[in-house]
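In order, the protein sequences belong to chains A and B.
Take 1 as the starting number for the first sequence in this note's numbering and just add one per residue.
Take 1 as the starting number for the second sequence in this note's numbering and just add one per residue.
None of these hints come from the bench; they were simulated from the model.
Among the hints, a few may not be true.
One side of the interface only, derived from the structure: several residues of chain B facing chain A at Cβ under 10 angstroms [unchecked claim]:
| # | residue |
| --- | --- |
| 1 | R22 |
| 2 | K23 |
| 3 | G28 |
| 4 | L59 |
| 5 | T271 |
| 6 | Y296 |
| 7 | R351 |
| 8 | A354 |
Think about it this way: if two alpha-carbon atoms lie no more than 30 angstroms apart in a straight line, the pair counts; the simulated DSSO-like pairs of lysine-lysine are [claimed, not checked]:
| # | chain 1 | residue 1 | chain 2 | residue 2 |
| --- | --- | --- | --- | --- |
| 9 | A | K36 | B | K23 |
| 10 | B | K48 | B | K305 |
| 11 | A | K36 | B | K305 |
Cβ atoms here follow ideal geometry from the backbone N, Cα and C, with glycine treated the same way.
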Amino acid sequence: MTRVIVDMNLCQSHGECVYVAEDIFELGDDDVLRWKEEIDPSRADAAREAADACPMAAIRVED
Amino acid sequence: MPDPIVIVGASLAGLRAAQAIRKAGHDGPVVVVGAEPHLPYTRPPLSKELLHSEAEPALACDDLDVEWRLGTTATGLDLARRELELGDERLRYDRLLIATGTRARPWPGAASRDDAHGRVFTLRDLDDALALKAALSRATSLAVIGAGFIGCEVAASARKLGLEVTLVDIAPQPMTALGPELGTRCAELHRAHGVRLKLGAPAQVDADVTVAALGAIPNTEWLRNSGLTLQPGVVCDEYLQAEAHVWCAGDVTAWPHPLADGELIRIEHWTNAAEQGAAAARNLLGDRTPYAAVPYFWTDQYDVKIQAAGLPHRAERFEYAEPDVALGMRGDRVVAAVTFNAPRKLMQQRRQLAMVAA
Numbered sequence: 001m002t003r004v005i006v007d008m009n010l011c012q013s014h015g016e017c018v019y020v021a022e023d024i025f026e027l028g029d030d031d032v033l034r035w036k037e038e039i040d041p042s043r044a045d046a047a048r049e050a051a052d053a054c055p056m057a058a059i060r061v062e063d
Numbered sequence: 001m002p003d004p005i006v007i008v009g010a011s012l013a014g015l016r017a018a019q020a021i022r023k024a025g026h027d028g029p030v031v032v033v034g035a036e037p038h039l040p041y042t043r044p045p046l047s048k049e050l051l052h053s054e055a056e057p058a059l060a061c062d063d064l065d066v067e068w069r070l071g072t073t074a075t076g077l078d079l080a081r082r083e084l085e086l087g088d089e090r091l092r093y094d095r096l097l098i099a100t101g102t103r104a105r106p107w108p109g110a111a112s113r114d115d116a117h118g119r120v121f122t123l124r125d126l127d128d129a130l131a132l133k134a135a136l137s138r139a140t141s142l143a144v145i146g147a148g149f150i151g152c153e154v155a156a157s158a159r160k161l162g163l164e165v166t167l168v169d170i171a172p173q174p175m176t177a178l179g180p181e182l183g184t185r186c187a188e189l190h191r192a193h194g195v196r197l198k199l200g201a202p203a204q205v206d207a208d209v210t211v212a213a214l215g216a217i218p219n220t221e222w223l224r225n226s227g228l229t230l231q232p233g234v235v236c237d238e239y240l241q242a243e244a245h246v247w248c249a250g251d252v253t254a255w256p257h258p259l260a261d262g263e264l265i266r267i268e269h270w271t272n273a274a275e276q277g278a279a280a281a282r283n284l285l286g287d288r289t290p291y292a293a294v295p296y297f298w299t300d301q302y303d304v305k306i307q308a309a310g311l312p313h314r315a316e317r318f319e320y321a322e323p324d325v326a327l328g329m330r331g332d333r334v335v336a337a338v339t340f341n342a343p344r345k346l347m348q349q350r351r352q353l354a355m356v357a358a
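Make the full structure from the sequences, and use the hints.
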């Protein structure tokens, strides 16, 4: 499995990651980010794209 | 050795372009030319966290297999010979990606001002931000000329630092990019946080430090005799291509957008630079995909995150759909959405705009 790590001290709920990969990331009704901490490796590229899209560089993806 | 792909501009768009080239598996030489001495860094914190607290603006790029030519300014372009001029040097390219961005519009009186006394700061680069931060640390009052994104964010940052702040603009409202309806709301926000607003008329202000935040100018002077069309950004087609072997990305790029009915737009925001850098690089490698992403941007002022999607500058008026959601209308069409502390709602609006743009 591929691990997705989000530094919630950095996250400002821009939602860029949700926009890129909504099967991995979502904004709750409270506007706080939720995400799958473990994803299938076939979605690792999408998670990395989400990490690149994050203006706060808050997302890390580990194989 | 084949001639390299050359990327001119070592900020976000140039970095994302270089990363996309490697990610696509291209293993030929890539050269990234940057006028600043720094490796790529992210600019949004420069007017916010870096000024009022701490920020680490560096972008991860250590393991990227490219040749960095930093502190090197492009001075000309010869399309026929496929040569980039770097002062006296000529650098041949196989394909070129232009991402030279914009610079702060200078204060008109800057040349006549004494540096030690009455210096007027502008803010674009890391070095500008560090100089301004140092000046603010010794000051008790700040005047900001220009109440757009950067001016409003600098004003908010200075209030966080406890300075007396005056925000000046010839326009009757701040944030004119978002129209008068939302500008009124931004004005109230700054007043509520103790900023003195002098709007709509010439004003005289006495302050320890002055910042001129008068917008940005595309860095295209070096292309003046190249034969590329400048308006004032570099004119490209929907594939971000300007000429046979030349593509563009980021603030410098003028390209036709479906949300603008195919008219040229130019976007000076973080997300566009990131996405367009990667998209232009993929097209440069042969993947002809029109670039029609819905622009997204944000500004943080005090405890309010204002987010926008679409093309606010194309809106004729803004209407509130909800207290925290405003829609920019052109005729009866929605061309932009702006939210106040409502990221999830912005996301929904952005998706709707993307369906219109598709």
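Verification of the supplied hints:
1. R22: This interface hint is violated because 13 angstroms lies over the 10 angstroms limit.
2. K23: Cβ of K23 of chain B sits 9 angstroms from chain A, so the hint holds.
3. G28: violated, 22 angstroms
4. L59: With Cβ-Cβ at 7 angstroms, under 10 angstroms, it holds.
5. T271: Status holds, d = 7 angstroms.
6. Y296: holds, 7 angstroms
7. R351: holds, 8 angstroms
8. A354: Hint holds; A354 of chain B Cβ to chain A Cβ min 9 angstroms, cut 10 angstroms.
9. A:K36 / B:K23: Distance ~24 angstroms between K36 of chain A and K23 of chain B Cα, so the pair holds.
10. B:K48 / B:K305: With a Cα-Cα distance of about 12 angstroms, the restraint between K48 of chain B and K305 of chain B holds, given a limit of 30 angstroms.
11. A:K36 / B:K305: OK: K36 of chain A and K305 of chain B at ~25 angstroms, within 30 angstroms.
Checked against the numbered hints given earlier, the structure breaks hints 1, 3 and satisfies all the rest.
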